[in-house]
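Colleague: Protein sequence lines correspond, in order, to chains A and B. Just so you know, we're using the numbering used here here: the first sequence kicks off at 12 and counts up by one. Just so you know, we're using the numbering used here here: the second sequence kicks off at 24 and counts up by one.
Source of the hints: derived by calculation from the structure; they are not laboratory data. The reader is advised that the hints may include incorrect statements.
Below 30 Å or equal to it, Euclidean Cα-Cα: the simulated DSS-like pairs (lysine-lysine) are [claimed, not checked]:
#1 A:Lys112 to A:Lys81
#2 A:Lys112 to B:Lys94
#3 A:Lys62 to B:Lys94
#4 B:Lys67 to B:Lys94
Only part of the chain A face toward chain B is listed, based on derived beta-carbon distances under 7 Å [as the list claims (entries may be wrong)]:
#5 Phe23
#6 Thr42
#7 Pro50
#8 Gly53
#9 Pro54
#10 Ala59
#11 Gly103
#12 Tyr106
#13 Lys107
#14 Lys112
#15 Gly113
C-beta atoms are modelled at their ideal positions from N, C-alpha and C, and glycine is treated no differently.
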Amino acid sequence: GQQLNQSPQSMFIQEGEDVSMNCTSSSIFNTWLWYKQDPGEGPVLLIALYKAGELTSNGRLTAQFGITRKDSFLNISASIPSDVGIYFCSGGSNYKLTFGKGTLLTVNP
Amino acid sequence: NAGVMQNPRHLVRRRGQEARLRCSPMKGHSHVYWYRQLPEEGLKFMVYLQKENIIDESGMPKERFSAEFPKEGPSILRIQQVVRGDSAAYFCASSPDRVLGEQFFGPGTRLTVL
């Protein structure tokens, strides 16, 4: 089956720093979606990408859909304490989403 | 516009009992998806349903698990004769359109099997 490699597994940064995480796959996806999950809650959609090469921003978040359609990255600029959580990438083929294992982000005030 | 609703949020069952998990999609969404999440793992696709139809159940175990999305009422994920390995968080997502790919998730049901 399709698999996503998400890195890094965890990050511990200082407030104000920029963060970058990425996902790679051996399979091609039609969409890339980035979600954030807080403890005990469901994933919340942050950014959706639909075309190869697309670069999309949502506030301090920026994500790109790789040209090869096999990878994507998410950047968070000027991190704040409420950015803490687990970030998941997911690749979409029609209706089925394949998720990475997540990046645990800790922000030190 | 309420989001995806799931209940119960927490469910405890003993081995051999049945678990019923309910999901009400966002208003206007006719596509429902169920995912399972084990601790420190990503979500794994289980099943995709539209009203009264199962479109893809390739991610669902062949035995003991079933899902439905009736014409009226919520979608139900049913697990019969639960075992300890069924303990996980089960998430439901909905979308207005299967093509665009955006799925919006509910808060999940945490199932614990004793």
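Colleague: Hints first: check each against the structure and report whether it holds.
Modeller: Results for each hint:
{"no.": "1", "hint": "A:Lys112 to A:Lys81", "verdict": "holds (16 Å)"}
{"no.": "2", "hint": "A:Lys112 to B:Lys94", "verdict": "violated (35 Å)"}
{"no.": "3", "hint": "A:Lys62 to B:Lys94", "verdict": "violated (34 Å)"}
{"no.": "4", "hint": "B:Lys67 to B:Lys94", "verdict": "holds (26 Å)"}
{"no.": "5", "hint": "Phe23", "verdict": "violated (17 Å)"}
{"no.": "6", "hint": "Thr42", "verdict": "holds (4 Å)"}
{"no.": "7", "hint": "Pro50", "verdict": "violated (11 Å)"}
{"no.": "8", "hint": "Gly53", "verdict": "holds (4 Å)"}
{"no.": "9", "hint": "Pro54", "verdict": "holds (5 Å)"}
{"no.": "10", "hint": "Ala59", "verdict": "holds (5 Å)"}
{"no.": "11", "hint": "Gly103", "verdict": "holds (4 Å)"}
{"no.": "12", "hint": "Tyr106", "verdict": "holds (4 Å)"}
{"no.": "13", "hint": "Lys107", "verdict": "holds (5 Å)"}
{"no.": "14", "hint": "Lys112", "verdict": "holds (5 Å)"}
{"no.": "15", "hint": "Gly113", "verdict": "holds (6 Å)"}
Hint violations for this structure: numbers 2, 3, 5 and 7, all remaining hints satisfied.
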